[in-house]
Structure formats: structure tokens, C-alpha cells
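Listed below are the residues making up each chain.
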Amino acid sequence: MDHEETVRLQMVRRLYGRAGHTVKALDGVTASFHAGTLTAIMGPSGSGKSTLLHCAAGLDRPTDGVVVIDGTDLGSLNENGLTLLRRRRVGFVFQAFNLVSALTAEQNVALPLRLAGRAAPPSLVRAALAEVGLADRAGHRPSSLSGGEQQRVAIARALITRPAVVFADEPTGQLDTRVSHQILGMLRGLVDDHGQTMIMVTHDPVTASYADRVLFLADGRVVDEYPGDKYTGTVTAELVAARMAVLEAAPC
Amino acid sequence: MLTFATLRERWPSFAGGFVVLFLGMAMVSMSVLALASAGPRVPDRLAGTPVFVSVPMTARADGDFAPDRPWSPETVTSLRERLGAIPGVAHAVPDRTFYAQPVIGGRPVAGDRGYAWSAAMLAPYRLTAGTAPREGEAALDRSLGLAPGARVSVLTVHGPVTYTVSGTVNGPGVYLNDAEAARISSGVRAIGLVTEPGADIAAVAGAARAAAGATGVVRTGDGRSVLETREHERTRWIGMQVLTAMAVLSAFVSILVAGSTFALGVAQRRREFGLLRAVGATPRQVRRMVYGEALVVGVIATAGGVAAGAALGPVLGDVLITAGFEPPGFAVRLSPPPLAGSFAMGVLVTLAGVWSASRRAARVSPLEALREAEVDDRPMPRVRWLAGAACCLLGLAAAAGAGGSDGSDAFVTSGLVAAMGVIAGLALLSPAVVPPVARLVSWPLARGRGATGMLVRENALTAVRRTAATATPVLVTVGCAVLITGMVQTTAAAFAQVRATTIRADAVIMPDGTPGLTDAVASAAGAQASLFTGLFEPDGGALSAIGATPELLARAGDVQVVSGTLDALRSEDRVLVADWLADKRGLRPGSTLPVSFEDGTSASLTVAGVVREADADVMLSRRLLRAHDPVALADEAYVAGTPAPPGPGARVVDIPTYSAEADAQEDRLVWIATVLLVVVSTAYAGVAIVNTMVMSAAGRVRDLAVLRLSGATGRQVLGAVAAESALVVLLGTGLGLVVALPALLGMRRAFATAMRADVPLVVPWPLILGVIAVCLALAAGAAVLAARPAVRGAARS
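Read top to bottom, the protein sequences are chains S and A. Take the first sequence: its position 74, counting from 1, is numbered 122 in my numbering, and each next residue is one higher. Take the second sequence: its position 354, counting from 1, is numbered 368 in my numbering, and each next residue is one higher.
So that you can see chain A by itself, here it is in the shape it has in the complex:
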């Protein structure tokens, strides 16, 4: 009875908790739904084939997306024979894929995959017009709009090739005649078993298992999802990190904001709790009552939030694909377990948030009902003092540690811990820290002759609780926003700077609308590009490899020779190994390194030297690598002198542009994630600020009425209210900047020392100013709206 009556009567004091739980749980349920839907999928183009035999896959660490070792060509042939002989199997089709990007109207199209014609039956995709491709012909996705008989230029790994369109297909990709495809395909890692109509799938799978033995693994049903590309797997992995971070952040902030909302509500109702205690409510009953109120609010808000999350889930799916956090084809599926889990989480978050408030309410003495005025002069709880001091100390200790370091990676971590520690500490100590700072900052206001200045200053100083409750979320948001965005951008700028100083070339050719550079593009512009790819050890483990010439390595500029010379790469069977690999495997010049290549063939390479600061485990001759790896595309090509035009799919850039753009794709994802975090935390800070303003409005009614009666116009009163909230927001901003900027400057110095380059400090000020403006507008707007009824009421009386 009491619970519902209280909620009905006092809904404004629960509105903040409601909004934050609603938003938080919408975010959580959306993220959890997306996470639950983000499992690996059977690729569409393989979906029509019930049984696959794949290469054995080695266990990989989280975040490792190295490819598996393909079969050798002989193994593929013999496997295919054995599998094709199984009763019920119509065709055993090796899945061959390669780089093929049609150029239409001078621009490469979006799709860049090519397949052997026989692989079209794995989906199965069918001809919608024309015939299957023969040598020199290609079948294309019909959505490209080319009719059979047309001529089309297709970018392949060697360069542009002109094909005659033999037919069109109802699926994506470029399809070449099997023999032609085999020449430019990557190694075969899966063979699809297309069954005859009515064949017993289980029997086929069993027979395939026997036929493949230890050479291959049979995949059926959802088990076929391991056949998705490593690229999609990596995209999903990044998406998982982002979604998890969002869900955890939302849940955590919900607990904090809901907790402070309930705490403020309890503080405002001390007399009511005192009365209840006096007329016979036990502390336990009071506690249960507070829990009950919170639960009703929490359950309704969570249910609404989860429903909103379920409704917005599909939209989020599209957003994630566009942002590059999920592979194409990803869709958020609605399923009960994630929704139920989110709901349970919302209830738990509510209970965790209200825990401290309910304890405080239960401790209210019955005598509080008899107090004359509602004074809130309770000192800050000791736990809060201790926690705040501990955070600040941790931060300062980290800062001291960072100051003493010689500028390595550890510095960045220490700097981050230092700033985060001080931010958290200041937030905890805000009721003690904010008033003196406010006194200092608002000092000029007391000197002026107008009444508004004086009012603004004195109000901000006396309403300690309101001032601290408003300044704290601003402090945390601005501090974290400056710190995180500044760090991301300064780091990117530092790496760009380093690239610019080490590259010895006049210009760089970069891919333009393509995943990489073809050999023809690089050489047409008078350059040659190194190839970055993988080699496989006999146990199936992957090594990263660079195929280059001594000139290319010298131009890239970062490799340092420990033993041997770069000239070793002129002979085809010689390799240079990175120092860490040499240490781990005990390799010395003269040792042999048995490896197999992307095409499945094996070789024994002789170690000719050891290098430091290499970007890969192994460096070998570009010609050797190209001979055994028909798929690797170059990421960039260095040009000495004036470059010739490179042709479609590539563009020439100068060194500064290249430096800034090299990691653009990687940086873009990090940047989107960063902005997302800043936006979400600003939203929560906004809710906290509005909440404080609305909840404290009741306590100001009498003050504002007195102001009106002493001759202030309504405009003057509202002006003072708005100015006071602006002052408090600027105060929080100032504190946030004071903490974050020194940490950033220190980080910049460490980068500069470590990289021996002049690193600029980059802070995305438009974003930060936007955050501050949002906080200002919300604080002033909410304060004025909340004060308006009081000002009007006073005018009437």
C-alpha cells in the first residue's frame, strides 16, 4: 500500500532512477541480444551443401586470426577422389577462392571475391542467363548489370584482366573456369560434398570421416560455421569487445546513477522515515519499503528498457554492420534467454543501486520526525572519505611512477591509471572538494555590484549537495572524454609521425576501393611492393612473413640487421628471421626452417641472418613468396622519384598523407568505439544532472519565493538559477580538464621520448566542447524548468 502510494505521490524523485534504468537496460538488452546473435554463421555461399571436409584447425588464442594450413595439391587430388567415390555424393568440390574485383565505369565494385565455377553449386547459385565460363570467360553476379557477351575488366592479384561475360548468376562474386581459378586461388582448406537427391546425410558424413582419416575433419550442420572467413571472424571479435564494453559500462553506470538517485530520495524523506519509525515501523520494515519502491520502479523501467532493446535490436544490427563491427549478413535475432537475462540483470542492478540508500533509510531515528527544520548537515561517510583518498593516492602514486619511467609502454598505462584514479577520487570526495573550489572560482562574482552575481555565488556555496551532485558527473564525463579521446588521437598522431620520419621514399601508392595492390599496379607506377602473408610450420602453426627485396626493406627503413645482410634475400632459398623467433627456436645463420606455403607446397629454407624491429617473423625473397602464394596483395608500394599514374584501384599519395592514413581503417573502428563511449557516458551524465536539478527543486521553493518577495523579477530569479547551474557545470569541466590535461601532456612527452620524434598533442576539441555544451544546456534548462512553477507560485501569493 505504502509503496504504491509513495510512488504515485513522489514520482519526480523516482524519475531519474527510472530513466537511467530504462536507458541502461535498453543498452544492455540490445548489446546482449546482439552478442547472442553474433555467433559464427554458415556462409550463404556454402549453405546448400550438407557435408564439408575441412583441414584440421589448430587451437588459436583469443584475438588470433591466423589462417590454417591448407592441404597440399596432391592431398586435395587424392581426397577429392576418395570423397567423390562415396555412395550418395554427386560431386566433391574443392572450395577455391581468389581476389577478383570487376572494374565498372573506371571504379572497382564493392565485392572483391572470385570463385571457381564448380563452387557455385555449394550455395547453390544458378545461371540466370548465358552459360558456364570457359577459359578467358567469367560468370558474374547479375546485380552488376552486365549481360552475357559484354567485356569486363577484372582486377586479379597479377593485375587487370579482361574477360568476356559468359553468363550471370543469382549470387555474389566472379566465377572463373575451374582450371583458370586454380592458378590464382589460395590453398584449398575445405571440400564440399554435394549429395544426390535423397542421399542419407549421416551415412555420407560417416563415410567421409572414414575416407578423410586424420587429413581432414567432417563438418555438418552448424559445425560448418567454422568455414566463415577469418576476416568475418575478426570483425565479429571486435564487435564482441565493443558490445561487451557497452553492456558492462551501461550496467555499471546504471548502478551508480540509480544508487545516487535513491540515496538523494532517501535524504529528502528523512522526516517521513522518522515518522514511520515513531509509529512502529521496524528498521527492517523501512528497509523493505525502500527496496519495494525501488523494485517497482526497477521492474517497470527494466521491462520497458528490455522491450525497447528488443525493438531497437534489428536497427542496432544494421548500425553495427555499417560501422564495421559485424560482418555483412549479421542480423539481431530475438530470443527469450538474452531478454530474460537482461531483465534479471536490471532487477539486480536496481537492488545493488538501492542497497546503500535502504541501509541509510533504516538507520533514520524516530526522533527525526520531531526535528524542526530539514537540515542536511551529515558529514561525508567515512567509507567515502577512505575510498576517495585511496583512489587519489593510487592515482598520484601511478603519476609518480610514470614520471620516473623512461618513456615506455608502461608509461601510458601508468598515466591512464593516474588520471582515472584522480578522477574517481575527486568524484568520491566531491562534497568536500567542490565547495572550496567553488568559493575560489566564484570570487569575482562577489566583487560585482549586481544581485545576481552574489546570489549565484552564495547559492552554489550553500547548496553543497546540489553543487557536488551536478559538478561530479560533469567532472567524470569531461575528464574521461578528454583523456580517452586525446589518448587515442595522440597515439595515432604519434605513429603517423614515426612513419613519416622512417620511410625513405618520395611517394606511396595506396589501395583505392580495393583490399590491396595488384602486382601490375605497383610496377606500373615504377615501384615494387613487399607482400605480407603467412607461412605454416609442420605442426600447423602460422608464422607471419614478408616477401621483399633488399631495396624495399631499406626504403621502409625500420628493419635493423643483427647478423647476415639484407642481400641474402637475392637468393631464393634464403630467409631472414626476426630475433624473437631465432631466440625461441634456437635458429642461427645456417639453420634450416621447414615451412609450407599458402599454395600447400612445402620447402626447407636456410636462415641467412637475424633482424630486429621486423614487422614479421620471417622475411624472404618476394619472387619466392609470389611463386607459392598466388593470393597475397600488397598493402602499399613505395615510389622513388615521380610516380606514373597507377591505374584503377590505387592512388598515389605523398608521405605526410600516407602517414596520417596508413592505419585509417583500424583507427576508424577505435575512433567509432571511443565516440560511442563518450556519447553514452555523456547521456548518463545528462540524466544525472537533470535528475539532481529536478529533485532539488522542491527544496528551493521557499528560497525562490523569498527572492520574489524581496523584489526580484521572475526573470532575475530564473536568470540566477540558470547562471548558478552554468557555474557549477563549468566548475566540473575545469576540474575534469585539470586532471586530464597534465596526464595527456605527460603521455605525449613519453611518446616523444620513446619514438624520438616530435609528437603533437591532439585533443578533439569540437567533441569535448559538444560534451560541455550538452551538460551546460541540460543543467541550465532543467534548473530553470524545475524552478519555474515555484517562481510563478510566489508571484501569486
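Extracted from the complex, chain S is given alone in its bound form:
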């Protein structure tokens, strides 16, 4: 099964602050993310879920431990190497401020290819936009796109390099329920139809219910996993909400 392991974290620790006042954002996380799956990372605020995403995606460096993306140990790369890896193998969808405001939708999608010095054939870019249903909005700037449309442009951009893994940080955090369903359905479709690997951070049980697997974090540690030892069935929003309620009630 090792060859299907797209992202692996091993005993990852991340400390913030100076000596004496350290905060353990991550405290020895070990996890694997397999190809062609959608994983949701959940946890109360301050549980370290964003830090986990940043470390797994190579945006931040862990204090200890190993992060491997697509067979490459991130610890062996310098800042430039990390950037090049992100450019080739990783895609991002953030909660907001995903797009460069000066560029059109089309130009935003082409950005990663251009940064890599590769040709960005208009047909490829158009196809990527068509896939997220925005073929007719190619020439628009972010300011004239709705929030849902902006997120769809961000998804098209994340996929344009055919990355090994896409990281999403609260991708529907600023959208209403109806648009959230569209976006999440689209992400689910990418995993099912194209075998895309995807990892997303969320605090919303409904969002998490779209995932194949949910990791629960508390105080910088993985405390539970669905489906896992305790539960092996389909992940539902109710189930996740119940688990979260327990975690949030626990004394910090």
C-alpha cells in the first residue's frame, strides 16, 4: 500500500514562541493520506488543524518529525526547493483571498504554469475553467465574480498543474449553504472521477461529511479517526457533530 501513500506525516511536532513560552501547536502527529481519497481534518479552534495543514503542505516547517509528499522528504528541501515542489505537486484552495485581484479568472488559473516557466495553452486553461463551470467567465476579474465563482476559479487553478495533492483550508467557510454544496460536490467529483487526492481543514460537520475519512485533532494530537477502530461505517454529519461536541466540551 506504500505506493498509494501520497502524503505522510511522522511524529510531526510544531512549537511556537521562544524558550519558556512555547505553545505546542502540533504534538507528535503521525498520519497517512492515500491517493484518490478526500480527508477532512477537524477539531476545535486551537486544536492545531491549520498548523497540520500548513506543515503537510510545506507552507510551514515542523519543529520535529518528517513530512513526505509524493515520495519527497520536505525536510531535505530548502526554501526554493519547497517552492518548486509546491508548484509542481501541490494545489491550494483557501478560505478567501484566493485570487490575485489584478488578474482575470483565466490569468489566475494560468498563474502556476507561468510561474513555473511553462506554456499555458489557452485551450488547457479554458478546459480547466469549463470543468468548474466557468467557461463564460474567463475574462472577468475577481471583483466581478461572486464568492462561489471565486472559489471555483481557485479550484481550477489548484488543478491546472495536475498536482499529487490539493490542500483546502475551510474552502466553503465564507459561502452560503447552497453554494457550499455545489463546491463540495465538485471537490467530491474530482476525487471520485479523476482520483485526485485531497486534504481539507474544516470545523463544519456537514463539510466533513463529504470526506472519505475524518481525522479529529485536539491539543495538537490526533485523537480519533472515522472510519476507524470505533466506527467503520459511512461518515455522516450527525456523527461528526456528536464527536466534535465531545471534543469541544473537554477541558483544555
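Don't read these hints as lab results, they were simulated from the structure. Positions of the beta carbon are idealized from the N, C-alpha and C atoms, including for glycine. No false leads were slipped in.
If you only want the chain A side, here are some residues facing chain S, beta carbon under 8 angstroms, derived:
1. Thr20
2. Ala292
3. Gly294
4. Thr296
5. Leu381
Starting from the known structure of chain S, arrange chain A on it as the hints suggest.
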């Protein structure tokens, strides 16, 4: 792609950089064009003569405009014979010039040069009416409007002489018969070789070289430009200093302002750079992008600025002539090298300005894209702390040094360094210094009951970056303006004060529309004036000399006798020498000093004494000097008792007026240059202030909307915005004054001590208030204009 898209979308944040580079490079290219055109020129009145033989010219230090030693009359005669005999030479014409200023309608006219009639063929100027002048006659410039046969009074060195106009000429000047001209001319320093038609110029020049030997130097083509007058040379030199200062100041300020503009732009776009980094831009790519944007802006702005400079160059030329920074006839010529150089400089200035901003942009971490709010809580860079502290320390050390000094010239320098150091230091530390001061100053606002006062205070305190960015240029401009203008005027006032206390006379006669006083003018008013001129040593070096009587020296009051007495000047071959000359040459009473005079004749003078605090190297009898120097004009004449009316070209003034006016011409140039610097720096400060206001407008939109929603009227919001910017400008003004005024007061005390006189502190307040008013108007106007769309938008929602 990204570069152009960003520029299109975000042009307001580049507007400041664009404007400052445009203005800066317009100034630089104009100055550089003028500098390139400001080389010596062949004077028009000599332009028609291909070959000249001039006296050998000694190497002179920069800023030294002492004349060269003229030939002796015998040398002129023999040279003229030898040169005139060269085949192809029609005439060998000694260039004789003298003081001659026609008086028309009771007023001396503007031109004051006279020439020997034969010298008219050097241009060549021709008769437009009448005949060549004979003894007692003069040919005049036709533009004076006098017809042949008219009688005209001409001021000469001895006094007014009435001539009959023999003819008119198509060139400037008064032309006298050669023999008459020779009697009142300065020594001959050049002989022009007017050639026959078709003569071989190179052969003539070669033959002239052989004929002149070591006595003279042959000048042809552009080499003839050394024949321009020392006065024009000096004017050009002053102009060069001013133009260079303008160009350097403009380039330097452009780097600073463009740099801070780009830095502010980068600070506002941290999230965008973070996003780019997250999606795969390397730090190098981000840096290149910032450089690219700046270069596009810089290249366009520089090209525009250089074009504007080229277009305005000719206008600048006229302005420089009017201001007295370039001689008449100066014209700014357009040539590619200065323009290309200015353009290259603009690009370099842009790159230098954006250097730090691009490094900062490249250091943005990809995580910045995920930050919730756009907070700018980065501490001040350590380098800035260190540099600011170092400047302040340097300034304070200089101040301490100045305080301990006994009031000499060094004090002025120390005072200047002290104030400049503290100003630069405060500017660097402004993000740390301004907020606490603002808190202190705006304290009364918090006590009032109105909302505006509270808003103004809290806004100024929270928007540290905006407050500091606005207050700093005001601080620097007001501080420097007060310091420099105050220093110039206080110095002038100090010297005037000293003159007033040392002169022992009841009144002074000063030139009025003339370059100096004729002998007749001075004696008509019952006075006699000393003459200031030059003597030449055997090696060709020049000594300054005063021709005076013992009474004149006593009245002027500043000379102190070390050995001998002033009475030595009653005998014609005795001289007094200044102590520094005595030390340098080992002169003692009884030594001989071999010199030659302006008329070319030589003499051995006996040193009769040594003096201190003299205004010249050598002091000799006025009669002796006048006998050998037919051209020197007196600068002023002292009168004891009630003066008689002096006649045209002079006026009588009382001592206080004289004291204030004595260096008026010199002071006027310095003052124009000072005002120019103040205006230019105010313009740059204005650009910086407007830029800050426009760029920070975007960040205020939400605040202003909240204000509107909580019930503030549009007028109240704009009022608060205007009041806040006014508060910040006044804050900068206050800081500038706090730094500059003590330095000025200290300087005044030092002057008073050194000159043993009560020196008034003179600060040109109208100018300073104008600078402050401009800053206030720009800050408030720009803030309100930038905030208006936000206020309107909020009203709609």
C-alpha cells in the same frame, strides 16, 4: 503579464512613485542639460577672428577668478609688429577694453564696456551710420538710439566725459579712437589676428606660434573660449554649483520618496505576495516582479521627465541668466548624451529606490495568504533603529562640541551638523517617536465633549504608519527650511551689524546702476574711495591689492597695524603687506616686493610694515595704484560730514542702509539658491504627503463606513479626516521647529561672541509659514479627496 496587470489595476499605489520620478528626472535632466551647455563660449565680439595670441595663463584653483598678468606695453608693441608681419594677416589687433557707460536721460545705461575702435573688427561689427571715431568722438551701439552728431555723456573711470557721436555700430559697447582708448584701458591680454580673405588659418596659427614664442599662447577654434571675461567665468561657476546641487538633491530625494512609495505598496500587498508564494512563486520571482513593476513605472516616468526637462531646458536658460547664475548669451542646447545620461540615472534611481521594498516582498511567507486580518504590526527594522540612533547621537555630539567651543567658524559647522543629524535621526525614528508625541500634543482633544476631537486623536494614534509617513516629510522640510534660511539671513545680518559698528563715517556713497564709482563721483561728494584691484608677481600669480590713503584705512576701521604705520602710504614706493603674506614670503619692513601692475609695467616696492585683518594681500598708495591701474573702480566711498550730491551713477546712503546693502548682490544669489532649495524640497514633501494620503485611503474605507453607519454625517467624517491630517502636519512642523530653532539660537550666540556685536536672529517667517501652509493644504486636501468616495459609498449602503 502579472506586472502589467498589477500596474493597470493598482495604479494609485504607483502614482506617487511616478510623480516623484517624473519631477525628479525633469529636474535632473534640465540641470544636466544646462550643465552640459554651460561650458565656456567664444565671446560674440571676438567670434569673427580665427586666431588669437593670449598671455600665458597660470593654473588656477577651482573658484579662483584672479586675472592673468597682462603684457607690458613694450611687449605688446613688439608682438604686434611680429604678428602683423605674418603672411595672410591683415591686422594684428590688441584687444583693449575699458569702463564706459553712457548716461542717457540722467541714468547710466545697462551696458558698461568700451573698446578701442580697431577691436570692432574682431567680431566684426560694422558702422551702420556715420564714421569711425576720432579724438573726442565715440561710436555707439545703434540700439542706444543716438544719431551721429549727438552729444552724449559717458561715465569713464575718471568721471563723466562728453563725446560727440561719430557713428553707430551693429554691436554692443562704446568705441573710442585707439589712442584715446589706450589711455583708459586695462592691460592687453590678447591680440587678435584678422586674416586676409582666403588665408590659410592653420599656417597663420603656426607662424603666430613661432612669432610669439614663450610670450604668448595661440588660441584657435573653441580654444578661443578662454578669452571670456573672468566675470562670466565666475557667473558660470556659481551656476554650476547651483545646478549640481539641484541635480544631486533631486536624484537623492527621488530615491528616498520612490523607495518609501514602493515600500508602502509592498506593505499593502503582503497577502497577495503570500498567495503568489503559496501557489509556487519563488522569492526570486517575487523580487523580480516588484523590480519589474518599478521598472515599468520608472522607465515611463523617467522618459516623461526627461522629455519635460528637454522641453523646459530653454526656459531654464533664461531663468538662470535673469537670476545671475549664467552669463548673458547662455542658451541650453539639446544634445543626446545628457538626456541619455539622465534617463539612465532615472532607471538607476528607480532600482535603488525599490531595492529594499523588493527584498521585503521576497521575504513574505506563503502563510501570509492565510492570515485573517491585514495587520501591520511589524516592528521597525533594526537597521533603521541603529541608523536613527546613530544620526541623533552624531547630532547631539556635534551640539555638545559646539556648546564647548568659544564661538568660531567651527561652531557654525557643528551647529549645522547637530541640527541635520537630529533631523535625519528623528526622520528615521519617526515610527517610534511620532506616536508618543502625538499622544501628548492631542491630549486636549480627548478632554472635549465632541466626537470629532476624539476621532481625530484616536485615528492619528492608531494609524501609526500613516501618521509617521505624513509627519516625517513635514518635519524634514520645515526643519531644514528654518535652519538653512535662518542661517543665511542671520549670517547676513551679523555681517551687516559688524560693518555698521566698525565704519567711522557719516555716510557712504554707493554705485547706482554702475559697476563701481568713478574718481569724479567720489571726490565730488567730498570723499575719496580706496581702490581694490590685483597686482601680479613675477611668476604670474595674482595678489589682491588696496590702493588707499592712511585716512581712508582709518575710517574703514578694520585694519590693525602689526609693525610700521599707516602713514607709510604717503610715500609712493612704500607698501604694507598682510601678515599671512609676510609669513609666507618672509617679508619684513625693508624687504622689497617685485610686482607688475594692471597696465603691464613693473616696479620694486619696499615693505614698510605689516598689518592684520586687512582685506587684501598688499596695501599701497592710492595715487601710485591709479597711475598704473587705469581701470579699477571703487566699490564705495566714505564721507565725513554732510555729503554733496554725487552725480549720475551713484547715491548717498546712511551707515545702517549701507551695512544692510553692502553684500546685496552676493547675498541675492545665495538667497535665490536657498529659496530654490526650499521650494524644491517643499515640492517633494508635498508629493510624499499626497502619496501617503492617497495610498492609505483604501485602508480607511471600512473605518469611514462604520463611522457613517454609527450616525456621523458625511461632513463630520470629512471634517475629522481633514482635522486629523492637519494635526499630523502641525506635529511635524512642531518637531522641525524644536530641532531647528535651538540650533539657530546657538549659532546666533556664537556670531555675537565672535563679532562682539549684538546679532539679531532673522528667520524669514513668511517663507516658512508658506511652506507650512502648503503642507497643510496638501495633506488636508488629499486626505479629504481620497476619503470622499468611501464616505459616499457608505451613504449608499
